[in-house]
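First to last, the protein sequences are chains P and A.
Numbering-wise (our numbering), the first sequence opens with residue 752 and increments by one.
Numbering-wise (our numbering), the second sequence opens with residue 117 and increments by one.
It is worth saying that the hints were derived from the structure and are not from the lab.
Check before you lean on any hint, since a few could be wrong.
Computed cross-link-like contacts, DSSO-like style, restricted to lysine-lysine with a CA-CA straight-line distance of at most 30 Å [said to hold, decoys possible]:
no., chain 1, residue 1, chain 2, residue 2
1, P, K767, A, K384
2, P, K762, P, K817
3, P, K762, A, K650
4, A, K524, A, K120
5, A, K441, P, K837
6, A, K666, A, K207
7, P, K1020, P, K1039
8, P, K781, A, K207
9, A, K441, P, K778
10, A, K666, P, K778
11, P, K781, A, K650
12, A, K666, P, K776
13, A, K120, P, K867
14, A, K674, A, K583
Negatives, chain P to chain A, calculated, CB over 12 Å [stated by the list, open to error]:
no., residue
15, T786
16, A801
17, G820
18, M887
19, R937
20, A995
21, E1014
22, N1049
23, M1053
Cβ atoms here follow ideal geometry from the backbone N, Cα and C, with glycine treated the same way.
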Amino acid sequence: MEEKEITVNIKKYNDKDGAFWKSYKLKADKYTQMTEVLRRIKSEQDPSLAYRASCHMAVCGSCSMKINGIPSLACRTIALQAVDEKNEINVESMDYYPGVRDLITDIDVFYDKMYKVMPRLIADESVLMGENEQRMTPENQTEVWKFQECIYCGLCVSACPSVKEDEQFLGPAAHAKGFRFVDDVRDTKRSERLDLLMDSAYRCTSCYMCYEVCPQDVQPVIAIKKTKNYLDQYKGNTPITIMARKHDDTVENLIETTGKIKESTLFLKTFGFGEAMRDAIDMLKSGKFKYAFEKDSNVKNMNEIKGMMGEKK
Amino acid sequence: MEKKEYDAVILGGGLAGLMAANIVAAAGFSVAVVSKVFPTRSHSAAAEGGIAAYMMGNSDPNDDPDFMSYDEVKGGDYLVDQDAAELLSKKSGEIVSLLDAWGAPFNRQPDGRIALRYFGGQTYPRTRFIADKTGMALLHTLFEHSTGFKNIEYYNEYYVLDIVKEGNNVNGLVAMEMKTLNPIYLKSRALLIASGGIGMMYKHTTNSYINTGDGQGIALRSGVALKDPEFVQFHPTGLYPSDILISEAARAEGAILKNNKGERFMAKYAPHKFDLAPRDIVSRSMTIEIREGRGFEGGYLGLDLRHLGKKYIMERLALAYDAAKNFSGVDASEEMIPVRPAQHYFMGGIDVDTTGTNHDLNGIFSAGESACVSVHGANRLGSNSLLETVVYGRETGNTMVEFLKTHKNVETNSNVEPIIDAAYAYIKRETGEHFGVLTEELRDIMWDNVGIFRDNDKLAEAVSKIKDLRVRAKSMYVTDKTSNYNTELFNALETRNMLDVAYTMATAALNRKETRGAHFRDDFPERDDKNWMKHTITYLAGDEVKISYKPVTYTRWKPEVRVY
């Protein structure tokens, strides 16, 4: 098979020398995975190179790192597809997690978030005793499986801006994991789970970075949105969920009465006068305030809209 | 040095280890699970196709557990202990129900019951599955279930050096924290080895990089026997050229193997079962096709899924589709997937009975791929490895609970310094052999000489070469002298384990002068029930492999000719 020489630049790190870049040259063909590139560098050129890798087929989530700046699984990355015009590739450890050695980071903070969402099914006692059979529709299975496919690789948390700003945000992976059980018809603890997840769900900014980087297409941000759909069933109240309820009620009310979402009213009702004023000042500063006076026309087919809203209720 | 005491120490965080951990912890005993990776990185995650189970009221109406046992016995070419196979079949339904109750999201039938499909060597369809990532889903289920126990402590990214013995009793093990190289003595009266397979000693393998026979290696070094180590399974459909597994589920769902003439060549070798004949037969047939010039350039064959249609492929075989697309650049709905056989599974392992007990050391148990309960005999059927890990993981867990109830801790504080010194010696040495050189040589020898087709000359050469590698390994050294996640040291220690295990495998293969299941000898192409219907028992004594035999357990099935 045709081979091409490539240069792999790896950002190495150890306690003694700190961080430094080192380059390696080797040949790769059109099928060579980055895990194999690393294995060969280690075996043939630099035995001290440290990285994690296990299954090399994207189901174990070990080989998370940044390749050309993009959070990636090394095994899912084909070397010749990743090289630039000079046939070079840059490899670094993931962001956010503390570096340990070369490409290895300490992702305990990721695991801790996973443990926080009670990541296990609690079935009915009669099922556990073997007295009852659990059934599950194929549709429910498909939905649960979608979010269960998370492989604990940690890439989404490493890429998530909210996690870095807000310690109370559980992060994308834990939300996908938590929601997978909320949504499972076999589980008996939905209300406890909503207690764990609801407040945190509203700490997500819906930036979709997790959606972008997830190598399994788990779509954690969708799990977060779907969790919010359970707000009606959530019994607790935190400052964030109180605001969320106001927001939801206002949206519903506005649509019902005017057929549209009036941003200014929505803002005022959700955040209150003080917060709205503060934001109004920001808008003035940025020159966006003029849009608040834009005239809009009335919705004509209100009856149709009322009908649809009525159906929902 | 740090020392901690537990009732049970479990080496390995894969399916077998975690199932046992859940059982032992549920009985109230303290458990330490030691693994060189975080549990969900274990090789169990790579199992794709499914788990075989006869479920009462949810199986083919003609099926029953006896058919299942018969399939296992015949599939294993009559080297199966029939009591072990019967237990496996009998408990298969309830274990799947348990996994379901613990949250495993099995694929469903329209009425909400667990779905099933055919796998190779099955008389009736029995394989239960979760898309084609069954192992991953089950592993996560067991790991997540275990997070509910406060008395399970995880030692993730700890590398195990050796077993600690006091006389004939287990007294725990010594491990090293990989991040710091700090040694820790984990003292316990019960030790379960559930460390998985050995694939990395083969040049072409579907196994994870971590499958280096660590558990088998430390067992051999403490005087524990490996049973039937000559039996190694080669999976027919490793993706070319990366050797990533394309699940048997593909053929179960209707994919067909074709040679460069477009012929469905399995019709010639297995006129009844075709592409779903047991793996040893399909792998040999493929090797013959390639050897006789009917393969594609580069040495592979085609796996044809095109007639299944893209929608069906994406629903049932998403991983196979993705793997072919990402790693070989092939769209399986439009082109054939390039495949060739690759090492896949180790039928041999630590010699245990159907309770998971080894009788060489008091307090040592084994389950999963690292064990040999003899349910797979000379060749394992697809969907039975996952089943074995959970059924025998649970059986062994229950055995350990009984053992812990009746056995006190070994009082003595064993001297563990020599174990640690042996590991540090690789760092202290300034010159010598490098692990990479030894490993690459071993991987070539095992693939070329202890592979799909074997004979006296090849095997004798392998034994002598591995003997030589073991001598050279005594002067192995690592260039990295730091204690800062020194992966080079762990690679060296893995090489030591692989060499010890490979040595027994090659020696046992040379010794068995017949063809049975996956052990195919060109010079003895027939099965020889008169002389070889027996298990090989191997001990490692210094530089020698000592071989003895054990009878195969029969209950009801007499050996017959194995055709498919």
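Okay, the hints, checked on the actual structure:
{"no.": "1", "hint": "K767/P / K384/A", "result": "violated (63 Å)"}
{"no.": "2", "hint": "K762/P / K817/P", "result": "holds (10 Å)"}
{"no.": "3", "hint": "K762/P / K650/A", "result": "violated (54 Å)"}
{"no.": "4", "hint": "K524/A / K120/A", "result": "holds (16 Å)"}
{"no.": "5", "hint": "K441/A / K837/P", "result": "holds (26 Å)"}
{"no.": "6", "hint": "K666/A / K207/A", "result": "holds (26 Å)"}
{"no.": "7", "hint": "K1020/P / K1039/P", "result": "holds (20 Å)"}
{"no.": "8", "hint": "K781/P / K207/A", "result": "violated (46 Å)"}
{"no.": "9", "hint": "K441/A / K778/P", "result": "holds (22 Å)"}
{"no.": "10", "hint": "K666/A / K778/P", "result": "violated (50 Å)"}
{"no.": "11", "hint": "K781/P / K650/A", "result": "violated (47 Å)"}
{"no.": "12", "hint": "K666/A / K776/P", "result": "violated (53 Å)"}
{"no.": "13", "hint": "K120/A / K867/P", "result": "holds (26 Å)"}
{"no.": "14", "hint": "K674/A / K583/A", "result": "violated (39 Å)"}
{"no.": "15", "hint": "T786", "result": "violated (8 Å)"}
{"no.": "16", "hint": "A801", "result": "violated (5 Å)"}
{"no.": "17", "hint": "G820", "result": "holds (20 Å)"}
{"no.": "18", "hint": "M887", "result": "violated (5 Å)"}
{"no.": "19", "hint": "R937", "result": "violated (7 Å)"}
{"no.": "20", "hint": "A995", "result": "holds (28 Å)"}
{"no.": "21", "hint": "E1014", "result": "holds (40 Å)"}
{"no.": "22", "hint": "N1049", "result": "holds (46 Å)"}
{"no.": "23", "hint": "M1053", "result": "holds (42 Å)"}
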